[in-house]
Structures are given as structure tokens and as C-alpha cells.
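4 protein chains.
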Amino acid sequence: MKVAVLTGGGDCPGLNAVIRAIVRRASEHGFEMMGLRDGWKGLLDDNHFRLTRETTSGILHRGGTILGTSRVNPFKVENGLERVKRAIERNGIHAVIAIGGEGTLSAATRMSQEGLRIVGVPKTIDNDLNGTDFTFGFDTAVHIATEAVDRLHSTAESHKRVIVCEVMGRHVGWIATYAGIAGGADVILVPEIPADLEAVAQHLVRRNAGGRTFSIVVVAEGTRIKLSADQNEQLVTTGALDEAGRPRLGGVGNIVAAEIERRTGFETRVSVLGHIQRGGAPTAHDRVLATRFGVHACDMVARGEFGMMAALRGNDIVSEHLAEATRELKRVPKEFFEVAQVFFG
Amino acid sequence: MKVAVLTGGGDCPGLNAVIRAIVRRASEHGFEMMGLRDGWKGLLDDNHFRLTRETTSGILHRGGTILGTSRVNPFKVENGLERVKRAIERNGIHAVIAIGGEGTLSAATRMSQEGLRIVGVPKTIDNDLNGTDFTFGFDTAVHIATEAVDRLHSTAESHKRVIVCEVMGRHVGWIATYAGIAGGADVILVPEIPADLEAVAQHLVRRNAGGRTFSIVVVAEGTRIKLSADQNEQLVTTGALDEAGRPRLGGVGNIVAAEIERRTGFETRVSVLGHIQRGGAPTAHDRVLATRFGVHACDMVARGEFGMMAALRGNDIVSEHLAEATRELKRVPKEFFEVAQVFFG
Amino acid sequence: MKVAVLTGGGDCPGLNAVIRAIVRRASEHGFEMMGLRDGWKGLLDDNHFRLTRETTSGILHRGGTILGTSRVNPFKVENGLERVKRAIERNGIHAVIAIGGEGTLSAATRMSQEGLRIVGVPKTIDNDLNGTDFTFGFDTAVHIATEAVDRLHSTAESHKRVIVCEVMGRHVGWIATYAGIAGGADVILVPEIPADLEAVAQHLVRRNAGGRTFSIVVVAEGTRIKLSADQNEQLVTTGALDEAGRPRLGGVGNIVAAEIERRTGFETRVSVLGHIQRGGAPTAHDRVLATRFGVHACDMVARGEFGMMAALRGNDIVSEHLAEATRELKRVPKEFFEVAQVFFG
Amino acid sequence: MKVAVLTGGGDCPGLNAVIRAIVRRASEHGFEMMGLRDGWKGLLDDNHFRLTRETTSGILHRGGTILGTSRVNPFKVENGLERVKRAIERNGIHAVIAIGGEGTLSAATRMSQEGLRIVGVPKTIDNDLNGTDFTFGFDTAVHIATEAVDRLHSTAESHKRVIVCEVMGRHVGWIATYAGIAGGADVILVPEIPADLEAVAQHLVRRNAGGRTFSIVVVAEGTRIKLSADQNEQLVTTGALDEAGRPRLGGVGNIVAAEIERRTGFETRVSVLGHIQRGGAPTAHDRVLATRFGVHACDMVARGEFGMMAALRGNDIVSEHLAEATRELKRVPKEFFEVAQVFFG
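Protein chains in written order, with full-length UniProt numbering: chain A, 1 to 345; chain B, 1 to 345; chain C, 1 to 345; chain D, 1 to 345.
Treat the hints loosely; a few may be bogus.
Identical copies look the same in the list; a pair holds intra-copy or inter-copy alike.
[Unchecked claim] Straight-line alpha carbon distances no greater than 20 Å define the calculated DMTMM-like cross-link-like pairs of lysine to aspartate or glutamate that follow: (1) K226 with D186; (2) K160 with E114; (3) K160 with D45; (4) K76 with E233; (5) K76 with D46.
Hints were generated in silico from the structure; no laboratory data involved.
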């Protein structure tokens with residue numbers, strides 16, 4: 001029985017650990033594993049190679065994906081679905097394991113509805129996929145962001161500065177929240193709550209008056225600025241923000257830093273972490289989660305649990321409907337805002 | 001309202017993060033926080049100091065505990081309970097938050113049954129406490145052990161050796177299992193399954209015959225040797241093992257290494273990680289969990305949830321009966337043995 | 001005998017290790033140590049505190065500086081020199097140990113020429129100070145930059161991208177060269193050699209043609225663009241560069257990335273590491289170097305070696321004239337360009 | 001022109017970086033590179049393979065050696081020299097680059113004296129090779145040992161314990177000295193100075209009396225115990241030590257810990273780091289040094305500098321006579337003992 005596996009979307013530490021686990025488990029089920037190159041594109045272009053224990057040896061702790069990846073969506077390609085179906089038939093592929101985030105799993109859901117045998121593995125450093133407590137890659141991203149916040153702390157303190165650290169998180173603030181709590185940030189700004197920059201400035205002024213002459217602000221890249229206060233409305237009229245409070249140019253970190261400096265007079269610096277959060281060796285935590293997902297996904301194929309994906313519930317790996325993963329974004333719950341006590345919306 | 005906090009038992013990364021979170025939350029509840037020095041001993045000796053935001057500043061990421069710790073158990077001290085009660089009364093302590101493992105929480109459970117107002121916070125790098133999905137400190141221990149396994153891997157491979165890595169885990173194999181999976185170990189030995197050294201040796205010989213001229217064996221310190229095979233019985237008669245399969249002298253890692261070398265003829269080395277697994281800065285994951293536990297424990301005092309402890313269920317922090325934590329050990333479930341495929345019992 | 005110590009200029013991992021070593025050594029010489037707050041400003045404002053073994057305990061591995069720092073230059077302040085002299089007399093300060101970079105040591109040199117007893121300790125993450133083989137802080141900056149390049153590598157490879165990583169180095173390319181060699185960069189651009197972007201683009205195209213579908217470009221922030229090629233001249237006329245080849249807006253990393261994408265058509269991303277390179281815990285290497293510098297500086301005071309600074313020569317700590325440190329920048333020697341084989345000027 | 005390369009002796013982070021650099025430089029000189037398997041054994045057994053840019057891609061940061069290694073010494077094998085000569089002739093090998101420590105370079109020196117064209121690259125994590133300021137691998141070992149000492153510190157402090165950390169260093173105390181200084185150890189014991197355990201105990205008692213209720217002792221594995229004091233002589237009569245002060249059984253760390261506990265009554269633990277110090281990814285510092293050594297060694301072949309090895313002098317790479325490397329051990333100079341102020345001999 002031939003089973004194909006693909007990785008789609010952005011980079012995420014742990015992809016190779018999933019692939020390795022699938023291949024090892026497959027040999028017990030007697031599956032022949034086929035690696036599709038560059039996500040769904042590998043099916044459209046009939047570009048693939050055989051995966052064996054040997055070709056997946058030594059990759060457990062390596063970042064990236066040996067399969068390559070792309071953002072190609074078969075439903076946005078002419079005759080895409082037809083071509084996918086033909087490739088599956090031509091190659092005698094029994095089932096496809098799709099490892100990916102919102103985009104990849106949405107396509108997987110639709111294909112499954114079209115009758116294809118698909119099993120999913122959720123992947124996102126942002127942790128915004130529904131239907132699973134956590135995804136691999138998130139812990140690594142938090143680990144890297146926290147190390148950065150730790151380093152920025154000492155400079156902020158010695159130099160009596162405000163330092164704004166922009167982390168990943170386009171739609172949700174999981175990385176910002178975790179790295180902010182772990183790094184002891186003084187302000188955390190997330191997409192879930194439009195940021196009230198005036199309240200932020202006042203908080204920093206109060207800290208300063210109390211002898212805390214430095215502060216760390218962690219902001220998720222997708223954070224919008226709250227437009228109720230007059231000063232923030234100016235950011236729209238000057239073209240810095242659009243009418244939803246999103247920065248027009250550059251990252252939100254730069255705007256937050258500039259506004260803090262303008263409103264408080266405190267010397268403020270910004271650090272934008274960017275891609276270092278999604279590359280390189282996964283943490284031990286993510287390697288274990290990725291391995292368990294891979295083993296479970298393979299077992300799902302064996303059991304015929306199609307249209308579903310591997311998911312983490314408590315410390316158990318379970319099967320969850322694919323549609324559930326993309327039904328809505330998993331946002332940071334209120335409890336965290338209370339724990340951190342440093343959210344300003 | 002005065003609330004006392006203590007840390008008991010062995011070192012565990014994240015203790016300071018719990019203390020800091022408790023103190024910060026306490027200031028919102030209007031509690032006055034008192035730090036007891038060296039666990040229950042601080043109550044017996046009336047040795048304590050005031051905890052404030054200032055005295056707990058900058059400790060979030062630091063290992064150890066600013067409160068000190070000891071293994072003193074009031075129930076094993078003459079008039080211990082009486083002295084504890086008097087100290088609580090004399091100092092006007094409304095409630096005690098006890099951060100600790102099996103020993104500390106057992107004493108806490110009994111005190112609670114004696115009518116004292118106690119809230120617990122579970123602590124163990126071994127992750128063997130029942131009633132909570134995870135405890136802080138465990139992720140850090142796994143992180144350190146995995147880094148060690150990664151490093152040993154390259155030496156094993158270049159030198160065509162077997163390397164045995166002994167990790168912590170007196171009663172359960174959580175650290176060995178996680179570090180073994182994350183590090184890609186070829187054999188994992190845990191207290192849950194008596195180790196069949198002959199099966200281990202045969203597995204390593206098969207690997208070697210297949211061209212894998214090196215192997216990594218991860219063994220938890222509490223692993224016992226299975227005594228059914230004749231050769232293992234000899235270890236009892238020679239005095240290396242007692243009749244339960246426990247090593248009489250030295251660690252189990254040394255015995256496993258010596259037996260592998262004797263049975264296979266492969267050059268074998270042992271590395272005993274020891275205390276580096278339980279000291280130093282906690283991982284980001286553990287800092288967040290520790291902080292959430294601390295905030296929740298403080299809220300439990302405010303809500304009067306005594307005789308209970310903070311616990312993790314999925315990604316939620318909940319309150320769980322103290323007695324539940326020590327009712328039985330939380331062992332590694334079978335699923336992990338299947339995931340790793342490298343357990344030999 | 002009273003000896004004062006100050007730290008000036010930007011943050012640099014290892015400052016606290018120097019301070020700690022000075023204070024410990026001072027107690028053997030019988031010096032009373034005085035810490036000046038915020039660099040030379042502490043002398044101008046008479047703002048200082050006593051340094052003892054106790055107040056410098058536990059700081060060896062901590063980033064930042066417990067003395068605080070500033071860029072205040074007494075020679076640019078009205079009556080600055082006069083005020084410094086009076087403060088030294090009023091407080092009975094026998095000598096001042098100034099830990100700092102180009103700015104701080106230039107002021108120190110002039111003060112020394114004015115007859116004050118000054119000993120210097122060279123500090124710069126950029127490693128551009130003359131008269132010493134290395135300065136502390138540099139190894140830590142390289143360590144952090146290399147970790148980042150390692151992480152970017154896996155993403156570049158999986159996603160078939162060019163990733164440009166901008167590192168610190170305003171006047172020299174030491175960090176870029178070391179991190180580039182250590183991280184296996186495919187192109188390294190440094191201030192010492194104006195960058196020939198057309199040659200860079202052609203190199204990346206050749207790599208791609210040879211099957212290397214990804215590349216890592218490390219660029220020092222102070223790199224200028226070579227203006228001989230026609231396409232680069234356009235960057236001047238469009239206002240992106242000034243006539244010396246320096247970017248007018250934003251960092252040079254963004255311009256290099258944009259130009260690579262335009263000239264090659266390859267998807268290109270940029271990562272600007274920024275302040276995380278100069279904060280946080282120093283590497284073991286930097287802690288040892290900083291400690292040796294501190295001990296030596298204290299001995300220099302005892303021996304009356306004023307107007308000089310501690311310096312590293314081979315693996316020996318020696319005394320060097322302060323003026324030597326700032327006489328000229330220490331540039332990356334040609335040998336490194338040949339070693340890396342990936343410089344494009 | 002065909003050039004062979006081999007790696008001999010124990011594992012050392014950076015070996016692959018040297019190999020990669022040699023192969024890349026070789027392609028510029030037009031050399032054809034041949035990799036000998038398992039050190040000199042590869043020549044004796046005629047076991048080798050071709051090294052190209054492709055086969056050495058992606059190994060820069062990987063621990064171990066792709067060539068394998070052994071401790072086989074041709075001068076201890078029957079007709080060893082003759083067989084080496086014949087293999088060189090048969091394969092048309094113009095020159096051999098030998099990367100190794102004391103054993104490998106001693107053999108290389110003799111072969112060179114026998115007229116063979118040999119170039120050396122010094123390798124030892126212990127940093128005990130003469131003729132070069134530093135060797136690659138040492139910085140990585142110090143980095144790992146310092147991380148361990150940092151972690152042990154927090155446990156020692158919280159638990160009011162003495163912790164003894166045994167690090168590598170059979171003949172010299174470089175690793176112990178550097179990790180001890182970097183980790184802020186309270187006692188450092190090295191092979192250069194027989195350890196006076198009574199003086200150590202008294203020092204710890206004084207610290208304790210002064211309120212420092214914990215201590216860290218770093219001891220190099222090759223440290224001998226000073227036998228002048230009566231109590232230490234007992235260790236000989238009880239068989240714990242031989243007459244040179246070397247432990248008969250187990251490591252010196254265990255004896256030091258046991259004796260400290262016996263003489264002071266303080267709870268004392270020991271941690272033996274072992275092989276984790278010599279495996280895994282090299283630090284950035286070691287990758288750069290290894291790369292520069294590799295490039296230089298290749299240039300030495302091109303220039304005909306045989307019977308010599310690459311060496312670091314200040315920040316320059318130079319050529320040094322092979323015999324110089326093994327003439328005597330490079331011991332830790334006295335200056336370091338004064339810097340650390342915590343040696344007890």
C-alpha cells in the first residue's frame with residue numbers, strides 16, 4: 001500500500017521529525033512511503049521520491065523539511081483537483097498525509113470532501129489552529145523569542161530604555177503572550193485586543209515614576225492599534241495606520257516604539273525577531289510532539305480515519321475532524337491576560 | 001490577610017517563577033506575603049521574611065529558590081504538628097501555600113486533614129505526580145537531557161560506540177522517554193518495565209549487522225534489571241543487583257553499559273547526567289506553567305479552595321484535591337512505548 | 001586608597017564580569033572601590049556608591065552593567081574637565097578605571113594627558129579597538145549571530161530562498177566575518193569592502209544553476225554599496241543610497257535583499273538581528289577575558305601604569321597605551337576574506 | 001595531485017569543519033582529496049573514499065567526524081610504516097594531512113622524519129598541545145562545562161550544599177580553569193598543582209562561617225591529591241589513592257566530594273560531566289578556528305611546508321614544526337591561578 005506525504009506552507013521546526021516518525025511507523029504497517037516535493041505542487045507536477053528509513057535518518061533534530069514546501073493550492077490552479085486525482089490514481093497512492101497549517105489543511109478538508117483519502121497533521125508556530133491543544137513548532141518559537149527578551153532585558157535595564165520586541169503572530173497572540181510571560185515583559189500587545197497606546201504610555205510613565213527606569217514591550221506582528229483615543233486617530237490621518245488600526249508601512253513594532261517615545265519622552269528601541277523564530281532545531285518538547293503526531297497519522301491511515309487529523313488533547317494524541325482545525329482561529333483565552341497583568345487594550 | 005509560602009524537597013527549575021507570580025497576584029488580592037525559609041522547617045523554627053514585589057524582582061528566570069528548601073517533615077519531628085499550628089497562630093497566618101513534590105504534598109495533605117488551610121503547587125522534574133498533566137521543571141530536565149543525548153550521538157557515531165546515558169527518574173521513566181524520543185535513542189529503559197539486557201544486546205547486535213555501528217541507550221536511574229534470563233540472574237549472585245533487580249552499588253547506567261559490552265563486545269561508554277538536570281534557568285515552557293500555577297494558587301487562597309492544589313488539565317489550570325496528587329504515581333502510558341519502539345522489557 | 005570605576009557607551013556582555021573582578025582584586029590590594037553611575041556622568045554629577053564583594057556577588061554571568069552607562073563626554077560638557085577634576089579631588093579618588101569603547105577611551109586618553117590617573121579596559125562587541133587582539137563581548141555577539149544564521153539556513157533551504165541577515169558592525173566587519181564563516185554563509189558583505197551587488201547577484205545565479213537553490217547572505221550594518229556598476233548608481237539617483245553608498249533610510253540589509261530579488265528574481269527575505277547581539281549573558285570565553293581584564297586593570301592601578309589599558313596579546317594580558325586603542329580602527333585582515341571565499345567587493 | 005586527510009584520537013567538536021575547509025580550499029589548488037577512514041587505520045587497510053564539495057556539504061556545524069577515527073598507531077603495528085608507505089605509493093598520494101592530538105601528531109612527526117610528506121592540524125579539547133595558542137574543541141568543551149557549573153550553582157545555593165563538578169583534563173587543567181573562572185567556582189583543582197584537600201576543607205569552612213552556605217568545586221579529572229597532610233596519607237593506606245595521589249577506583253571527583261563531606265560535615269554532591277564535553281556542535285569560535293586551520297593546512301601542502309602543522313599565534317594562523325607540538329605539554333600558566341584566586345595546592 002502506497003502512502004504519500006507532503007509538507008505545505010511556512011517553515012516550522014519539527015517538520016522533519018514528523019516525516020521521520022511517519023516513515024518509521026509505516027514500515028511496521030507495511031506501507032510504502034512516497035515523499036511529495038514542495039507541498040501539493042508535488043502532486044500537480046508528479047514530483048516525488050521514495051522515503052525509507054535510510055533517507056530519513058539523522059533528520060529528527062534538523063529544521064526545515066526534506067520534502068520542500070510551497071503555498072500552491074490545487075483549488076486555485078486550473079484543473080487542480082482533476083490533476084491531483086489523476087496523479088493519485090496514476091501513482092497508485094492509497095492515501096495522502098498532509099502536514100500543514102490553515103492553508104494546507106483547508107485544501108485537505110475540501111479534497112477529503114471530494115472523496116480523497118486524506119489524513120492531516122496540524123502545523124503552525126502561531127498555535128492558532130483549532131481542534132488541538134498545541135501544535136509543534138510553537139514551543140520552539142516561544143523558546144527563541146524568550147531568549148531574545150531575556151537578552152533585551154539587560155540592555156534595557158543598563159541603558160534605562162524602553163525596548164519593543166516584535167514577535168510573530170499574524171492573527172493571534174500566543175507567541176507574544178508566552179514569550180511575554182516567560183520573559184517578564186511589562187506590556188504585551190496581541191491581535192486579540194486592539195492596543196491602547198495611550199494606556200501603554202501612561203503605564204510606562206507610572207513605572208518610571210516608581211523607579212523602574214526601563215521596560216520591555218512584547219508585541220505580536222498582527223496587533224492593531226485602538227483608534228478611540230484622539231492621538232491614535234492621527235496615525236490614520238497621517239497614513240501610518242489604515243482604518244482598522246493596521247500599520248501601512250513597516251511592522252507594528254516600529255509604530256509602537258515611535259509612539260511610546262513620542263508620548264513618554266523615554267528613549268525607545270525596537271527589535272524585530274522575524275524568521276529566526278521559525279527555523280532551526282526544534283526543542284525537545286516539539287520533537288516529541290511531532291514524533292507522536294507522525295506515528296498517530298500513520299495509524300490513522302491504517303485504521304481508515306480519513307478526513308481527520310492528529311491532535312493533542314491534554315497529554316493524549318487523538319483524531320479530530322479536519323474541518324474542525326480551520327473552523328475558527330484558536331485565540332488566547334482571557335485567563336492569560338489576567339495571569340500576565342500586562343495587557344493594554 | 002497574611003499568607004505564607006514555602007518550597008520543599010529537591011531543586012526544580014521554576015520555583016522562583018512560582019514565588020514571584022504568587023507575590024504579584026497577592027498584591028492584587030491585598031494579601032501580605034510571608035516567605036518561610038527551608039520548607040516546613042521555616043514554620044517549625046519561625047524563620048521567615050516578608051515577600052514583596054521588590055524582593056521578588058528579577059527572579060523569574062533564575063534557578064533554585066530564594067526561600068531555600070529542606071526535606072524536613074513536621075510529622076516526623078517531635079510535636080511537629082503542634083509546633084506548626086502554634087507558629088501559624090502566633091504569626092497570624094491565614095493560609096499556607098506549599099510548593100513541593102510527593103513528600104511536601106503528603107505532609108500538606110495531612111495538615112489539611114488536621115484543619116489547616118493549605119493550598120498546594122505540584123513540583124517535580126520527574127513528572128510523576130498524579131492529578132496534573134504536567135509539572136514545571138520537567139520540560140527543563142528533558143531539554144537538558146536531550147541536549148546531552150544530541151552531543152553523545154556524534155561521538156557514538158564517529159567512534160562506533162554504544163553510549164549509555166543515565167538520566168533522572170527514580171520511580172518513573174518520563175524524562176528517559178521524552179529525552180529518548182527527542183534524542184532519537186535506540187534503546188530506552190524505564191522503571192515501568194524491568195530491563196531485559198539480553199534483548200537489548202541482541203537488538204544492538206542486529207543494528208550493527210545492519211550497518212549501524214553505533215547506538216544510544218537512555219536509561220532512567222530507577223530502572224530495574226529483569227531477572228528471568230540466566231545471565232541476568234548472575235548479576236544477583238555476584239552481588240551487582242539485589243533480588244528486585246536494583247543495582248547494589250553505583251548507578252544502573254554503569255551496569256547496563258558493562259553488560260552491553262560483555263554481551264556484544266562493542267566498545268561502550270556511560271554518561272551519568274546527575275544534578276545538572278535539576279538546576280539553572282527554566283525553559284520558557286516551565287516559566288509560563290510555573291507563573292500560571294502561582295497565580296492560580298493565590299486565587300485558590302482567595303476563593304478558599306483549601307486542601308487542593310493547582311493542576312494543569314489540557315491547557316487549563318484547574319484546582320485538584322491534594323490527596324489525588326499523591327494517591328499513586330503517574331506512570332508513562334503504553335502509547336509512548338509504541339511511539340518510541342525502542343523499549344526493551 | 002580609593003579607586004573609582006565606570007562603564008560607558010553601548011551595552012556589551014561581560015561588563016559585570018569586569019566590575020566583579022576589579023572589586024575582588026581590589027580587596028587584595030586594599031583599595032576601596034567606588035562605582036560611578038552612568039559613565040563619566042557619575043563623576044560630573046557626583047553620583048556613586050560603594051562597591052564591595054557583597055554588592056558584586058552573583059553578577060558574573062549577568063548581562064548589562066550594575067553601574068549603568070551613558071554616552072556623556074566630559075569634554076563636550078561645559079566646564080566638564082574642571083568638574084571631573086573637582087569631583088576626583090573632593091572624593092579623594094586616587095585613580096579611575098574606565099571601561100568603554102572608542103568614545104569612553106578617547107575621553108580617558110585626553111584626561112590622562114591632562115594629568116589624571118586613568119586606567120582603561122577596552123570594550124566593544126564590534127572588536128574594532130586597536131591595541132588588543134580581542135575585546136570581551138565580541139565572542140557573545142558572534143555566538144548569537146551564528147545561532148541566528150544556523151536557524152535561517154534551514155528555512156532558506158526548505159523554501160528555496162535567499163535570506164539576508166544583517167548583523168552589527170558600523171565600521172568594521174568582524175561580527176559579519178566570524179558569523180558568516182561559522183554559519184557557512186554564501187556571501188559576506190563588510191564595511192571594509194564596498195559591496196558589488198551585481199557580482200553578488202551573479203554569484204547567487206551561478207549557485208542556483210548548480211542546484212543550490214538557496215543562499216545565506218550576511219551583511220554588516222555599516223556596509224556601503226559599490227557604485228561603479230550602472231545599476232548601483234541608480235540607487236543613488238533614486239535616493240536609496242547617498243553618494244558614499246550608504247543607505248539613506250532603513251538598514252543596508254533591506255537594500256541588499258531588495259536588490260538581490262530584483263536582479264535575480266529569487267524570493268529573498270531579510271532578518272535584522274539588532275540589539276539581541278549586545279545583551280544578555282556573556283559566553284564562557286567572554287567571562288574569562290572580562291575577568292582577566294578586570295584583574296589586570298586593578299594591578300595596573302597598583303603598579304601605577306596610568307594612561308594605559310588592559311589588552312590581550314596571544315593568550316597573555318598586557319598593558320597597552322590608551323592612545324593606541326583609538327589611534328585607528330582594527331579592520332578585518334585580508335586573510336579572512338581568503339578563508340571565507342565569499343566576500344564580494 | 002592527490003592529497004589524503006585523516007582524523008585520529010578522541011572526539012572533538014570542529015573536526016568536520018576542518019575537513020570541509022580543506023576540501024573547499026583543495027578545489028582552488030586543484031588537489032584531489034581522499035578521505036582515509038578511521039585515522040591511520042585507513043592507510044593500513046587501504047580504506048578511503050573521495051571527498052568533494054558535495055560529500056562535505058552541510059557538515060560545518062556537525063559534531064564528530066565523517067572520516068571516523070581510531071587510536072591505531074602505525075608504529076605499533078607490525079610492518080606499520082612499511083604498509084603506510086606502500087599505501088601512499090600505490091594510491092599516488094602526494095601528501096597526508098593528519099588532524100589529531102598528541103598520539104596522532106607524534107606518529108605524524110615520526111613519519112615526517114621518515115621522509116613522508118605530512119602536514120598536521122592540532123586537535124584537542126584539553127588545549128594541552130604546545131606550539132599553538134589554542135586548539136579547536138577547547139572553547140566548546142569550556143562552553144558546555146560552564147553551562148553545567150551555572151546550573152549546579154543554583155542548586156548548591158538553594159540547598160546549602162557543596163557541589164563538586166569533575167571536568168575533562170587528564171594532564172592539564174585548562175578546561176577546569178576556564179570553566180571555573182567563567183562559572184565563578186569557589187575552588188579549582190588542576191593536574192598542575194597537587195590538591196591540598198585539608199586547605200580546601202578549611203577554605204569552605206571559612207566561607208560557611210562568613211555566611212556563604214554553599215560552594216562550587218571544579219576539579220579536572222587528572223588532578224592528584226597532595227599527600228603531605230596526614231589525613232591525605234590515609235587515602236593511600238586505605239587504597240583510595242595510589243602513591244602518586246591518583247585515585248585507584250572511580251574518578252577524582254568522587255574522592256574530593258567524599259573527603260570534603262568528611263572533613264567539613266557539609267552535604268556534598270558530585271557531578272561528572274564526561275563525554276558530553278567532547279561531542280556535538282562546535283561553538284562559533286571553534287568553527288572559525290577549525291575552518292582557518294583547514295584552509296591553512298591545505299595551503300601548507302601547496303607551499304610544501306611538510307613536517308609542520310597549522311597553529312594559532314595571537315589572531316594569526318602560522319606554520320609550526322610538528323615536533324614542537326608534542327615536545328612538552330602546554331600547562332596553565334600561573335597568571336590564571338592568580339586571576340581565579342581559588343586554587344588550592
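So, going through the hints one by one against the coordinates:
For a Cα distance limit of 20 Å, the shortest separation of K226 from D186 inside one copy, 19 Å, qualifies, whereas the shortest one across copies, 43 Å, does not. Taking the shortest Cα distances, K160 and E114 never come within 20 Å of each other, neither inside one copy (60 Å) nor across copies (31 Å). For the homomeric pair K160 and D45, the shortest alpha-carbon distance between copies (17 Å) is at most 20 Å, but the shortest distance inside one copy (56 Å) is not. Taking the shortest alpha-carbon separations for K76 and E233, neither the intra-copy value of 38 Å nor the inter-copy value of 41 Å comes in at or below 20 Å.
For a Cα distance limit of 20 Å, the shortest separation of K76 from D46 inside one copy, 17 Å, qualifies, whereas the shortest one across copies, 57 Å, does not.
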